[in-house]
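Chains as they are written, first to last, in the numbering used here: chain P, 1 to 350; chain W, 1001 to 1223; chain C, 2001 to 2527.
Check before you lean on any hint, since a few could be wrong.
[Unchecked claim] Listed next, the in silico EDC-like pairs over lysine to aspartate or glutamate satisfying Cα-Cα at most 16 Å (straight line):
hint, chain 1, residue 1, chain 2, residue 2
1, P, Lys213, P, Glu229
2, P, Lys89, C, Glu2064
3, C, Lys2183, W, Asp1104
4, W, Lys1176, W, Glu1203
5, P, Lys332, P, Asp197
6, P, Lys213, P, Asp258
7, P, Lys62, P, Glu292
8, P, Lys324, P, Glu229
9, P, Lys324, P, Asp258
10, P, Lys160, P, Asp256
11, W, Lys1176, W, Asp1200
12, P, Lys342, C, Asp2232
13, P, Lys332, P, Glu133
14, C, Lys2183, W, Glu1100
15, P, Lys342, C, Glu2428
[Claimed, not checked] One-sided excerpt, in silico: chain W residues whose CB lies under 7 Å from chain C:
hint, residue
16, Ser1040
17, Pro1079
18, Ile1084
19, Phe1086
20, Phe1088
21, Trp1094
22, Ile1211
Hints in this document: simulated from the structure, not taken from any laboratory. Each residue gets a CB set at the ideal place from its N, CA and C atoms; glycine is no exception.
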Amino acid sequence: MIRGKKHTVAVFGLLLAAFALAACGGQPNTANNSTGATNQVTVYVSTDRVFSEPILRAYEQKTGVKVNAVYDTEETKSTGLANKLLAEKNNPQADVFWSNEPVRTLVLKSRGVLAPYQSANAEGIPAIFRDSENYWTGFSARIRVIVYNTKLVKPEEAPKSIYDLADPKWKDQIAIADPRFGSTSFHVAALYAELGDEKADEFFRRLKANGVKIVPGNSVVRDLVVKGEVKMGLTDTDDVNVALEDKQPVAMALPDRDGMGAPLMPNMVSLIAGAPHAEAGKRMIDYLLSAEVERALAQSEAVQIPLRAGVEGPQNIPPVNSFKPMTLDYGKAASRVEEVVKRLQPILGL
Amino acid sequence: MSEAFLRLVGLTKRFGGRAVVDRVSLEVTEGEVVALLGPSGSGKTTTLRLTAGLETPDAGEISIGGEMVAADGRNIVPPHLRGIGFVFQDLALWPHLTVEGHLDFVLASARTPKRKRKARIAETLRIARAESFARRYPAQLSGGEQQRVALARALVGNPRLLLLDEPMAHLDAQLKTGLLEELKSLQQRLNLTTVYITHDRAEAEALTPRIVMMEAGRIISGQ
Amino acid sequence: MKNAAVARYQNHFQSPSPRAIALFLAAVMFIAICALPAISMFGVSLTGPDGGLSIDNYRRLLTERRQHQLLLNSVLLGAGASIFATMIGAPLGLLLARVHLRGKAWRRLALVVPLITPPYVLALAWTWMAGSFAYSLTGAIVVLGVSFYPLAMLAAEAAARRVDAGLEEAALLVAAPRRVFAKITLPLIAPAVAAAALVIFALAISEFGVPGLLRVNVFTTEVFTAFAALYDFGAATALSLPLLVATMMAAIAARLLIGEQMLTGRRGSRVGLSLNFGGWQAASVALSLAVIALCVVLPVGVIAREAGGIRLIASSIKESSDAIINSFALAGAGATLAVALAVFIGYWRARMRTRWGALVDLALIALFAVPGTVTGIGLIGLWNHADWRGEIYASPLIIVIAYVSRFAPVAALLLAASVRQIPVAFEEAAVIAGASWLRTFGRIVLPQMFAGISAAWVISFIFAIGEIGATALVAPPGESTLPVRVYTLVANTPASNLAALALAQVIIVFLPLALLALFVRRSEGAK
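The following block holds chain P by itself, in its conformation from the complex (with noise of 0.2 Å):
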């Protein structure tokens, strides 16, 4: 008996080392940053993995620079780059925070993670994409869109404006996001900036009265909506896309073109303050506002559309020229999103 137990712990301790072997030497030295290296930067990715990877693998072929890159959990099952950026903010790990929405990155500068850098490459981007201080550049956005399913819905009934989702005709027939993360906090952020608080409150009230369903995620809505199970719901172009890709019955409306505009939403690029490769960092951030990065992203399933003048957008959504946008201060309606989501809690019954 005894002989039969020290087998079999022998034989795992073995198992145990030949793991512990193969899991260090088949990853790369992550070098220790205070030696500062300067062949390597690290870059924080809340932009899908998916997406983001190419663009970040691309550079490190065309340039030789090794990027260490940690990339975000889904929005709704974790608590993201964000927070870990706010815990590591005595001693900075990350040299550039790439954002695919403009919440997390406003919130970071709040909070002083984040350091001001006015890269060469952002003059194509338009100024109302650009922080005033440099904290942050704009590039490549989504639109929040309404998504609906062409197959139930006439086009003739096809929503127009966000407040078709608050009308009775379609109660209980549409879906959100839980408007506490990802782009859907900016999406209500930027309606609370825009409508002010009292009006954004009765608009969402009206939802919830109307039997608004709330989604762990985007892409969730839309599954709803390519099921038939919701009619209509509030989703990101690019998850929008998805479907139209696979063939699905359904359709993009952008809302109140002749209102308020559609919400755009840029992906942000902010260097880190006190980043270990500063240097490399500022490189990077000048690699990722060049036009063949907004090309990559808008010719692959990320469907982002192109800030800058000149280069070619994605085929199913229309270019930043062609529809009305909502004119917003992204630092202003960032900023709130905190206050925002407190005052939608009790609303929708969150």
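Let chain P serve as the given structure and place chains W and C on it in line with the hints.
Quick look at chains W and C alone, frame taken from chain P:
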């Protein structure tokens, strides 16, 4: 010569090829006290366990009160129907029951009606001199007190045969003498057929003149 | 006169025994790794915006009514899952211990599968199976109950095997076997089953993924919101307090109910009363097969179907192979270190006088109940500094530390139970024979704890491999683990890919357990 109350005939039990109890034959008359004496490993405990039905004999017969309870390599009557009171070497008191609980369990198992149970429990507690700690749990009792509880449990069901496996093994000499005396007077009063295992000759002699010696699975004297 | 002074000094100063030194060192390491992150976070929660002491976070906790409702939901979820899991698992464990069945090791292995499947994955399978019915508190209770019943099963089986045969024999002399089983065996097993139910309660109320997916509003959601939507570390930590309190109250309740009747150790090698009478064998086979069919084959089947063909699964696995190897190696290392530390803490706890021991138990349970994200932020605060700590923080070692931090407490609880069964006399005998404490510990105590150590290792490994809250926060670039990888991809990956990775996660945990079962079977002979 009076009828044997407990009769073991050619009792054999093997563990892993070795005969731990080897063709043991024994006759105990009603009301008699037998001390089973021998060194450890002599097969005394196994003999007792066979008698109780906790082990199945490989060969031989066991009869209690004229009733055949084991024969042909099997137990004909299960342990709980043999009318036996057993005191284990490590006492085997149930940690989740009070002293009263122990006694009640025995009586309830025998389907004794509730009214009669209370009286019987009170009487047994008195006999075993365990009244003062009737509501306590075994963990709260001293060695001597636990001993009494084990004895009370063995007696409460009105057994016809009392088996004790080295019950005094972990008690001090003074306690031993006292309890031994109590046991003797109890046994006489109840006229209870008793088999008592020990490895201590003095203890055996103090208890009874009928001493049966075992060694290597066999009875070597006192038949 | 000088000699007298020296002599007096020598008499007063007693050098600490090796035992004291070893236990002290272990305690220091334990506090540094396991307790400090939580303690520092609670410090943060008590800090106001100006840096001074402030109980605002806690005041808000007591006054906001919505949080009371959420807490109630959490408690209902925890209690429901715990009861459901025990109802399924305890009878199974009992049968595994006492009924003669063929292929027990494999049966047990199959029955354990829901535990090693990430609860989130089971919830997904459940939604694919049950449609809209799944999105309810009942749905969440079902999922978590199925997810955790193996804990109740393993605890019941272990306890049933451990019952002192003498106690059952003493009862057999007066009662029929059925009654003995009901009145003697079952009550003796109850404490272990209650302890498992308590652990399940703690796990269920700290679950986030399942209620999130099934759209049930519970307290953990609130904690999460404070982090992810409000970026308020202090508030988030303060919000974990009710969870800790609920867990500790359940622990106290369990202790009061079961009282001081401690688990009896098994003296001698006689196995307890076996249930080979009546139709128990057929019933056991039927029950175990039914449970396996409903709780194992069905969800795994649904997931496998969703995952598409073998080729798809293989390519998904190949793509994430680095994450898979990482998960395996890091979880293995984490479990090993957690158990190594917990052995000493558990020993120290088991040999402690009762009153302090109860407090230590509560502390260990509380540490176990701290949400992973709180631990994660706490670890960053403690380890992310520009010195030797930063070196560790930038390496995969920080993930191992996160695992030790989260799971050494529960391992310590398990190992303390294991040590309690070893009579102190064993150690005393060795010491008298002239062995040093270290030698006694290594040659006498540890070998006796083998079963407990294996169990603690397996449980720690399973928990570590599914851990996401802390890992997502502390993992350095490129050191993805499988659950984190799954969550990173889940936003824009087709369900089939997700299902394939989920399947991979089940397989990589299942394999070492299967191997272990194989070895155990060989070393124990036929059981």
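Okay, the hints, checked on the actual structure:
no., hint, in the structure
1, Lys213(P) / Glu229(P), "holds, 10 Å"
2, Lys89(P) / Glu2064(C), "violated, 31 Å"
3, Lys2183(C) / Asp1104(W), "holds, 12 Å"
4, Lys1176(W) / Glu1203(W), "holds, 9 Å"
5, Lys332(P) / Asp197(P), "holds, 14 Å"
6, Lys213(P) / Asp258(P), "violated, 27 Å"
7, Lys62(P) / Glu292(P), "holds, 12 Å"
8, Lys324(P) / Glu229(P), "violated, 30 Å"
9, Lys324(P) / Asp258(P), "holds, 8 Å"
10, Lys160(P) / Asp256(P), "holds, 6 Å"
11, Lys1176(W) / Asp1200(W), "holds, 12 Å"
12, Lys342(P) / Asp2232(C), "holds, 13 Å"
13, Lys332(P) / Glu133(P), "holds, 13 Å"
14, Lys2183(C) / Glu1100(W), "holds, 15 Å"
15, Lys342(P) / Glu2428(C), "violated, 62 Å"
16, Ser1040, "violated, 14 Å"
17, Pro1079, "holds, 5 Å"
18, Ile1084, "holds, 6 Å"
19, Phe1086, "holds, 5 Å"
20, Phe1088, "holds, 6 Å"
21, Trp1094, "holds, 6 Å"
22, Ile1211, "violated, 25 Å"
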